[in-house]
Amino acid sequence: MMNRIAPFALLALAVALYFALPYNLAFLTRILIMAVLVLSLDLVLGFAGIATLGQAAFYGAGAYAAGLFAIHAWADPIAGLVVAGVAGAVLAFISGLIVLRAHGLTLIMLTIAVAAICHEIANKARDVTGGADGLRGIRMEPVLGLFEFDFVGQTGFWYALAVLAAVFTFLTLLTRAPFGLSLRGIHESPERMAAIGTSVYWRRVAAYTLGGAIAGVAGALSAQVTQLVSLESFSFTLSAEALIMLILGGTGRLYGAVLGTLVFMFVHHWAAANDPFNWLFVIGALVLAVVFFLPRGLVAVPTALKRLGGQNAGS
Amino acid sequence: MQGLEVRGLSKKFGGLTVSENIDFDLKPGDRKALIGPNGAGKSTFSNLVTGILPPSSGTIRFDGVDIGKLNEAQRVKRGIAKTFQITTLFRDLTVRENLRLPILERQGRGFAMFRRADGNGETEAEVAALIDAFALEPLADKRVADLAYGQQRLVELALTLALKPRVLILDEPAAGVPSSETHLIVQAIEALPPDLAVLIIEHDMDLVFRVAAQIVVLVQGRILTEGTPQEIAANAQVRDLYLGGHGHD
Ligand SMILES: Nc1ncnc2c1ncn2[C@@H]1O[C@H](COP(=O)(O)OP(=O)(O)OP(=O)(O)O)[C@@H](O)[C@H]1O
Ligand SMILES: [Mg+2]
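So the sequences go chain by chain: A and B. Residue numbers 62 to 376, in this note's numbering, belong to the letters of the first sequence in order. Residue numbers 3 to 251, in this note's numbering, belong to the letters of the second sequence in order.
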């Protein structure tokens, strides 16, 4: 039930926000882009159970790939998304071959290391990437040759929303498919998965690669919409924040990823505006509250309320 | 030779020898039991055969082919499957999903991304047949975690049969199952395809004597003796072992 309404409710919410906050389109677009990144993390962590703190590596790879592709080759946005998706996938595949041999804490450390190495390479290769100044001079052609990127950010918003909806739909199909079922199987019991003849390692590599592609698409969106790529796109902070958003919303349910992103970004926006120095406390308190009271994340709120209501009615 | 052929198999954990120079055959249609006291190395032996553990030395052939280099998943693909001593299922998935997964994997559909997992007629027919054979219909859409342990053991057996194995190793299939329900396990074992090669590791002697045609006795990693149930029952050494206070569950 929830699963069926959720996508439409989220879509309606996005459209409502567009009209409610017409002067904050850049902020809203940023939320949509983050949601794509957090969805990629939900595939990797929520479904495949791969603990990672380095998802930014693929986001950054996608962002730089899209930026460079637009500057040096072709400024078509959709082509840029494809190139960035491939870049994210290739990096995830190659690094995944190594890091996915590890488990637990070692795995987490290795994912952090991969993102850190990418950060350092982008920093050193300033001739190509602009180094710490960031990659500038990205000028995009109209989306589908029709929609010019405008100053207010209307095109950017609808473009990002369309990509988010496409990614969400793709992941919904994926999680209902045999591949998605096998990822849940691996998450539940890797031993049993191996005992039914599955190469758990290769299945994980495949999920990680797909997650890398989607994170790359998120990076490309950011590069195209803001016309800028900074070293921040490889940062540990970005990986960690994406993880917090996912945990806030609830893992393994896709719409939890979107909800978590929305809540985090709004709380962050509001708290940082009110108190630029202490906004982290607010986020911290929010995460603690969710972890303690709603271990399955904010998506569990309706069920929790229902249970509360049921208890009251019963007693 | 058809079936399994184990020669000189040994396994050491550090200084501890858990399997020592084991020779063992299992042919299509065999019903063999592996018995022995706690810690004799029975589970270890099954883990060596299925590829969960690497042996220290020795060879394992299947249908005349050396499978020693194959990993667990590859051996499953060849047709060697086992149930675990401690139920190992997808606890948060339903019974139906637990059965669907191994079938999809066996059919090579595990990577399919754009069709529904429950949308393949062939797969679903197999799922339905297994549910039927194990009388799991009333439980089919429940989460496995919500099932009683005896029911979980049945699901584990059904799941393993979903792989259509040619060699089936059952590691204490009745362990933890209330005695009122053991008959369900016995029935399920008796109903196994006749040409399947079955090795059953079990402490419950009633069950062993009901289903096994051959019994292998393992003590401290070594095969003590092997024979028909009558021969084993008459064997003084085995009697000592089981009645002489070396203890089993
Ligand atoms: N991974 C391991 N590392 C070290 N020792 C192990 C390991 N696995 C098993 N052992 C030891 O090997 C011996 C045999 O264990 P195994 O589980 O094979 O016995 P078993 O015959 O199946 O016993 P049970 O009837 O209790 O199931 C035991 O002494 C056990 O402690
Ligand atoms: Mg054992």
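Check the hints yourself; a few may be wrong.
As the list claims (entries may be wrong) - Chain B is faced by these chain A residues, among others (derived, beta-carbon under 10 angstroms):
{"id": "1", "residue": "129"}
{"id": "2", "residue": "162"}
{"id": "3", "residue": "163"}
{"id": "4", "residue": "165"}
{"id": "5", "residue": "231"}
{"id": "6", "residue": "239"}
{"id": "7", "residue": "240"}
{"id": "8", "residue": "261"}
As the list claims (entries may be wrong) - A few chain A residues facing chain B, derived, Cβ under 8 angstroms:
{"id": "9", "residue": "65"}
{"id": "10", "residue": "67"}
{"id": "11", "residue": "70"}
{"id": "12", "residue": "234"}
{"id": "13", "residue": "235"}
{"id": "14", "residue": "237"}
{"id": "15", "residue": "242"}
{"id": "16", "residue": "246"}
{"id": "17", "residue": "249"}
{"id": "18", "residue": "252"}
{"id": "19", "residue": "253"}
{"id": "20", "residue": "257"}
{"id": "21", "residue": "330"}
Rather than coming from a laboratory, the hints here were simulated on the basis of the structure. Glycine included, each C-beta is placed from N, C-alpha and C at the ideal position.
Hints, one by one, checked against the model:
no., hint, verdict
1, 129, "29 angstroms, violated"
2, 162, "14 angstroms, violated"
3, 163, "18 angstroms, violated"
4, 165, "19 angstroms, violated"
5, 231, "9 angstroms, holds"
6, 239, "4 angstroms, holds"
7, 240, "5 angstroms, holds"
8, 261, "8 angstroms, holds"
9, 65, "15 angstroms, violated"
10, 67, "18 angstroms, violated"
11, 70, "23 angstroms, violated"
12, 234, "6 angstroms, holds"
13, 235, "5 angstroms, holds"
14, 237, "5 angstroms, holds"
15, 242, "4 angstroms, holds"
16, 246, "5 angstroms, holds"
17, 249, "4 angstroms, holds"
18, 252, "5 angstroms, holds"
19, 253, "5 angstroms, holds"
20, 257, "4 angstroms, holds"
21, 330, "35 angstroms, violated"
The structure fails hints 1, 2, 3, 4, 9, 10, 11, 21 (numbered hints given earlier, in ascending order).
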